[in-house]
Amino acid sequence: MTLIDLANPTRFLALSARVLPWLAAATVILLTIGLYQSAYAPDDYQQGATVKIMFIHVPNAWLSMFVWGVMSVASLGTLVWRHPLADVAAKAAAPIGASFTFLALLTGSLWGRPMWGTYWEWDARLTSVLILFLMYLGLMALWRAVEDPSRAARAAAVLTLVGAINLPIIKFSVDWWNTLHQPASVMRMGGSTLDKAFLIPLLVMAVAFTLLFVTLHIAAMRNEILRRRVRSLQMMQASRIAFSSDVGTGSRQENASKGAA
Amino acid sequence: MMISLGPYASFIVTSYAAAAIVVAILIGWVVLDYRNQTQRLRELDRSGVTRRSGRSAVDTP
Amino acid sequence: MNGLKPGQMQLSGRGVICVRGSREVFSGLDFEAVSGEAVAVTGRNGSGKTSLLRLIAGLLIPAGGTIVLDGGDGDMTLPEQCHYLGHRDALKPALSVAENLSFWADFLGGERFNVAESLATVGLDHAADLPAAFLSAGQRRRLSLARLLTVRRPVWLLDEPTNALDVSGQDMFGRLMRDHLARGGMIIVATHAPLGIESRELRIGGMV
Amino acid sequence: MNGLKPGQMQLSGRGVICVRGSREVFSGLDFEAVSGEAVAVTGRNGSGKTSLLRLIAGLLIPAGGTIVLDGGDGDMTLPEQCHYLGHRDALKPALSVAENLSFWADFLGGERFNVAESLATVGLDHAADLPAAFLSAGQRRRLSLARLLTVRRPVWLLDEPTNALDVSGQDMFGRLMRDHLARGGMIIVATHAPLGIESRELRIGGMV
Amino acid sequence: MTALAALIRRDIRIALRVGGGALIGVLFFLTVVVLMPFAVGPDLAQLARLGPAILWLGALLASLLTLDRLFMADHEDGSLDLITMSRTPLELACAAKALAHWLAAGLPLIVATPVLGLLLNLDMVATGAVALTLLVGTPALTFTGMIGAALAVTLHRGGLLMAVLVLPLSIPVLIFGVAASQAAITGPLSFGAPFSILCALSLVSLVIGPFAAAASLKHGLD
Amino acid sequence: MTALAALIRRDIRIALRVGGGALIGVLFFLTVVVLMPFAVGPDLAQLARLGPAILWLGALLASLLTLDRLFMADHEDGSLDLITMSRTPLELACAAKALAHWLAAGLPLIVATPVLGLLLNLDMVATGAVALTLLVGTPALTFTGMIGAALAVTLHRGGLLMAVLVLPLSIPVLIFGVAASQAAITGPLSFGAPFSILCALSLVSLVIGPFAAAASLKHGLD
Ligand code: HEM
Ligand SMILES: Nc1ncnc2c1ncn2[C@@H]1O[C@H](COP(=O)(O)OP(=O)(O)OP(=O)(O)O)[C@@H](O)[C@H]1O
Ligand SMILES: Nc1ncnc2c1ncn2[C@@H]1O[C@H](COP(=O)(O)OP(=O)(O)OP(=O)(O)O)[C@@H](O)[C@H]1O
Ligand SMILES: [Mg+2]
Ligand SMILES: [Mg+2]
Chain X
2 MTLIDLANPT RFLALSARVL PWLAAATVIL LTIGLYQSAY APDDYQQGAT
52 VKIMFIHVPN AWLSMFVWGV MSVASLGTLV WRHPLADVAA KAAAPIGASF
102 TFLALLTGSL WGRPMWGTYW EWDARLTSVL ILFLMYLGLM ALWRAVEDPS
152 RAARAAAVLT LVGAINLPII KFSVDWWNTL HQPASVMRMG GSTLDKAFLI
202 PLLVMAVAFT LLFVTLHIAA MRNEILRRRV RSLQMMQASR IAFSSDVGTG
252 SRQENASKGA A
Chain G
7 MMISLGPYAS FIVTSYAAAA IVVAILIGWV VLDYRNQTQR LRELDRSGVT
57 RRSGRSAVDT P
Chain H
1101 MNGLKPGQMQ LSGRGVICVR GSREVFSGLD FEAVSGEAVA VTGRNGSGKT
1151 SLLRLIAGLL IPAGGTIVLD GGDGDMTLPE QCHYLGHRDA LKPALSVAEN
1201 LSFWADFLGG ERFNVAESLA TVGLDHAADL PAAFLSAGQR RRLSLARLLT
1251 VRRPVWLLDE PTNALDVSGQ DMFGRLMRDH LARGGMIIVA THAPLGIESR
1301 ELRIGGMV
Chain L
1101 MNGLKPGQMQ LSGRGVICVR GSREVFSGLD FEAVSGEAVA VTGRNGSGKT
1151 SLLRLIAGLL IPAGGTIVLD GGDGDMTLPE QCHYLGHRDA LKPALSVAEN
1201 LSFWADFLGG ERFNVAESLA TVGLDHAADL PAAFLSAGQR RRLSLARLLT
1251 VRRPVWLLDE PTNALDVSGQ DMFGRLMRDH LARGGMIIVA THAPLGIESR
1301 ELRIGGMV
Chain A
10 MTALAALIRR DIRIALRVGG GALIGVLFFL TVVVLMPFAV GPDLAQLARL
60 GPAILWLGAL LASLLTLDRL FMADHEDGSL DLITMSRTPL ELACAAKALA
110 HWLAAGLPLI VATPVLGLLL NLDMVATGAV ALTLLVGTPA LTFTGMIGAA
160 LAVTLHRGGL LMAVLVLPLS IPVLIFGVAA SQAAITGPLS FGAPFSILCA
210 LSLVSLVIGP FAAAASLKHG LD
Chain S
10 MTALAALIRR DIRIALRVGG GALIGVLFFL TVVVLMPFAV GPDLAQLARL
60 GPAILWLGAL LASLLTLDRL FMADHEDGSL DLITMSRTPL ELACAAKALA
110 HWLAAGLPLI VATPVLGLLL NLDMVATGAV ALTLLVGTPA LTFTGMIGAA
160 LAVTLHRGGL LMAVLVLPLS IPVLIFGVAA SQAAITGPLS FGAPFSILCA
210 LSLVSLVIGP FAAAASLKHG LD
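Residue numbers (the working numbering), protein chains in the order written: chain X, 2 to 262; chain G, 7 to 67; chain H, 1101 to 1308; chain L, 1101 to 1308; chain A, 10 to 231; chain S, 10 to 231.
If you're looking for bench data, these hints aren't it; they were derived computationally from the structure.
Please read all numbers here as calculations on a predicted model, not as lab measurements.
Just so you know, nobody snuck in bad clues.
Derived DEER-like restraints, expressed as beta-carbon distance ranges:
hint: 1; chain 1: G; residue 1: Ala26; chain 2: H; residue 2: Arg1114; range: 52 to 62 angstroms
hint: 2; chain 1: A; residue 1: Thr195; chain 2: H; residue 2: Arg1188; range: 52 to 62 angstroms
hint: 3; chain 1: H; residue 1: Ala1233; chain 2: A; residue 2: Leu230; range: 25 to 35 angstroms
hint: 4; chain 1: A; residue 1: Asn130; chain 2: S; residue 2: Asp231; range: 43 to 53 angstroms
hint: 5; chain 1: S; residue 1: Asp231; chain 2: X; residue 2: Trp82; range: 45 to 55 angstroms
hint: 6; chain 1: A; residue 1: Asp132; chain 2: X; residue 2: Gln48; range: 40 to 50 angstroms
hint: 7; chain 1: S; residue 1: Pro123; chain 2: X; residue 2: Leu200; range: 34 to 44 angstroms
hint: 8; chain 1: X; residue 1: Val74; chain 2: S; residue 2: Asp231; range: 48 to 58 angstroms
hint: 9; chain 1: G; residue 1: Gly54; chain 2: X; residue 2: Arg19; range: 22 to 32 angstroms
hint: 10; chain 1: A; residue 1: Leu230; chain 2: X; residue 2: Leu16; range: 24 to 34 angstroms
hint: 11; chain 1: G; residue 1: Gly34; chain 2: A; residue 2: Gly201; range: 48 to 58 angstroms
Built from N, CA and C at the ideal position, the CB exists for glycine as well.
My request is simple: use the sequences and hints to build the entire structure.
Rendered as structure tokens:
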């Protein structure tokens, strides 16, 4: 793993250093616009000002699922293509996804209190999101519990893919069971039913949060690559093995880049 | 100017504040972690442990 | 095929690299073995003998290089044509000696396999109905040797097989190996002790 | 006291009977060992070598007969004056090599015990910070040998200690045993292989 | 085929000997059922209402307590190496092991349900419903739990970590199992809907479990 | 003393590494709490009533799931032989192991109780009462569970058998733990009476557990 990790992650580090400032800037700008628009969005005739929670709740809810999707793709990368960056991507995404899920749960409950008269109800949508949250935490625990990252990566990948079954359940739970939670109005067959006055700020916020995710994710991936570099150096130091013999280096490099291709 | 938030102002403000806090924590985590790792890499570099390729361990900006 | 005579097999590794726990154990290892030949893998503790056997058995994935068997049964993968005898005995303490052996015979596909006879061969006939939990270290080892007889497989991968065997056990095992070689089998055995059969040495010098 | 010189010890068994799994392994066994002497327990697989060591270590209770140590520390029972090295390594895979060793040093009461030095003695200094899960069979065995150094105990009970050790490991172990004997220790070792030190043989011929 | 049959036979035999036989499973179930009233209070009406939930929790518990060793024992004694190397596809071998586990540990529970139903003050229909849902649902518990068991081997970890990873997967089974039983007992709601979802969950897990477990074992090779 | 301290330190270290740390314990507890409403139905008022019972069941479960390996691991790798042979009395060694287990697995649960109380709709007082009873009661669970763990080693059996042996012993703890918490929440009944019984149970188990476990290990020598 030592070299495989160093081969093309090095390129990733260089790339990330270049794009991160731009991404961060774009995120800040869009977030500012989105916040401004949502601040001046009209009150809903039913929900009053509480509709403003939507601009936080819905992007976070979407992202909570989106991030798991990203992790699932990365897991395929780990299991099928054994791509060296894939497990880094999966690991880095988990805490961010968990945070978004937490926010979706929190803002959802805060919205639920005025709307449904209760913070929490054990219905299918809410429950499946809670399960998603627990699975995020479980994954993070798994990553932390196992020191050998490549070992943890493969186990986490299997678990992530199994957990992906939860995504359609979350998405369609409102249609399959009649729940308190309202059915999809933005992303549904036959176009959005949401008023433009809400739709535009919502979409801006959604894009802004997605950018935020991308920025944080790339930064976290960079950290993770560095952490693994530290680890493999420490392992070398710990075992005091002379890694000087250059036998086989060539084929290893070759192998690594083959894996990356 | 003040935006009127109606009777449930506290819920709305809490939502936005929570989102801000969580995002701030995430940013803090990413930044501190970066500092931490580069710091450790530099220490390892100083103590003479380098990667096989002979390059310095710290080749990040 | 590689100029092999019919019925002749050749196992060869080219540039095999083994990485365990993110540390490189050995790299660029070349080796080969042909039918009727025993290869004794030697080296210091931790040099990677067990790792090499597990690579051949498909129980570890090489970080580079290739390991192929030419002239074997084309339908089967290399691991499917190997018997692997590791440090651990693959015995269930709760089952009797005979049950343990006949399970492996059934599972590995040995038809018309005579359990009692093989137990007699390895000197465990008197213990057939004892639970495996009652066996001594050497008796456990003998029972796992009996597994090699359940079904004919051309390649035997043996990891320090004579550990815990007494003198008569080592003789018995020498006979088993000679029979196998005589029938065109191939043996790769990691060992620190003299084997009692003629063998070619493959010295590996990975990390300590 | 039995006419022993001061500082001289004698371990003796009289009419020891061993029953395991309601089968008699051996009976009426007499043996003795004195300071500075190594006794090699030999016998066929299943003859009861391991059982004998465990009887001395107090890990099995004899069905008859007595085992006593004369001239040892009167405060301590026989097992408390023994180091036992069995087939199993008493290592925790999750802990590092150094952590494993220093746990046993602390637990067995070895004060002022130098972990790094003992690891160097058994040739594991380079692996001190690795988790024990990463060790090869021989390295595990070396680590458990290091346990013999944690605290001085007069009687060493060793069960096939050279299993899995390479040649240099066997040399190292031979030195350890000679040192121990020179300091007035006593070694009872069950083995099938030559030991590399001078020893008296105790052949037991229990059931097969 | 003989290979799989041999595996199933062996695993059942070991389970019956080591686990102490089917009786222990039933006894465990009984203990859980007896325990619950102490935890939730001895109100009979409430007990009857909670009856299916308690039985389901018992089943879940039994599977959690026994499943984490499903592959661990084979891993520790080296059998798993040989199983991986053999001609039998690992997915099938995993499925066979899970099946054996279910036969040895799950089935006795279901057989014992009527007796326990009596204890919990359930009537005939309710008991029947619970037994039926258990029959359909416990395979799903076993087959999702198997994924956790395989991860436990891969990670060299067991205990709570496994439970944490597996429990979220078994929540849906529990929900619909209890919902279907409740529906049969009290319900204006229909028994059919949750029951068919339960069946679907079982079928899905029958497919996904072996594949996920085999993938995890294969990729965890070491 | 150093010997015992070393044992405790080692066991905690292993538990944290292998079990994945205290966090896993908390996460497990959380999962159990999330699970319960599915089983017993989502009625909030009823949940609050069952709250203490659920938390107690979670603690019991966590101890059942982790305890069976308490001595088994040491037995399998031969450490137990050396511990038996050493100068440290086996009773003390057993107590040290149980203490380490409680510190690594029990304590985190208690620390997490307030958070879980929120989820279960418990108020401050109730949460405090549950946490207090858990603090006093979980050692009893560990120390009685230890007896089962020792028997599991002696009998070469694990899993359900061990649960069957341990559960009856832990029933009294559970009863008085839940009763005390309930009393603090709803009760005309006093908190003091069941609570002091709970304390007594804990004290008794602190004494009996190590002796019974050590006796079982000694007689199980083989
Ligand atoms: C803790 C409680 C809640 C959770 C876990 C939750 C979860 C979710 C999730 C996962 C989505 C995305 C689903 C999709 O894209 O189809 C979503 C969307 C949404 N939620 Fe919630 N929600 C909660 C409470 C609420 C409440 C109380 C309201 C308002 C009364 C609400 C209103 C919405 C709306 C309007 C959408 C957008 C639906 C669309 O247009 O597609 N949610 N929620
Ligand atoms: N746990 C046990 N329960 C019952 N019987 C046992 C047990 N362990 C060993 N035996 C029996 O006791 C006899 C002696 O076993 P022991 O392990 O002492 O033999 P040994 O001389 O050490 O053999 P080896 O050379 O194979 O190590 C054997 O015949 C064996 O069948
Ligand atoms: N599971 C593992 N994880 C990580 N590293 C390992 C693992 N097993 C072995 N190693 C390392 O790989 C190297 C080779 O181990 P291997 O078991 O192949 O050695 P070996 O030649 O069989 O030694 P021995 O003679 O002691 O049996 C060792 O240095 C060891 O530290
Ligand atoms: Mg080896
Ligand atoms: Mg022996």
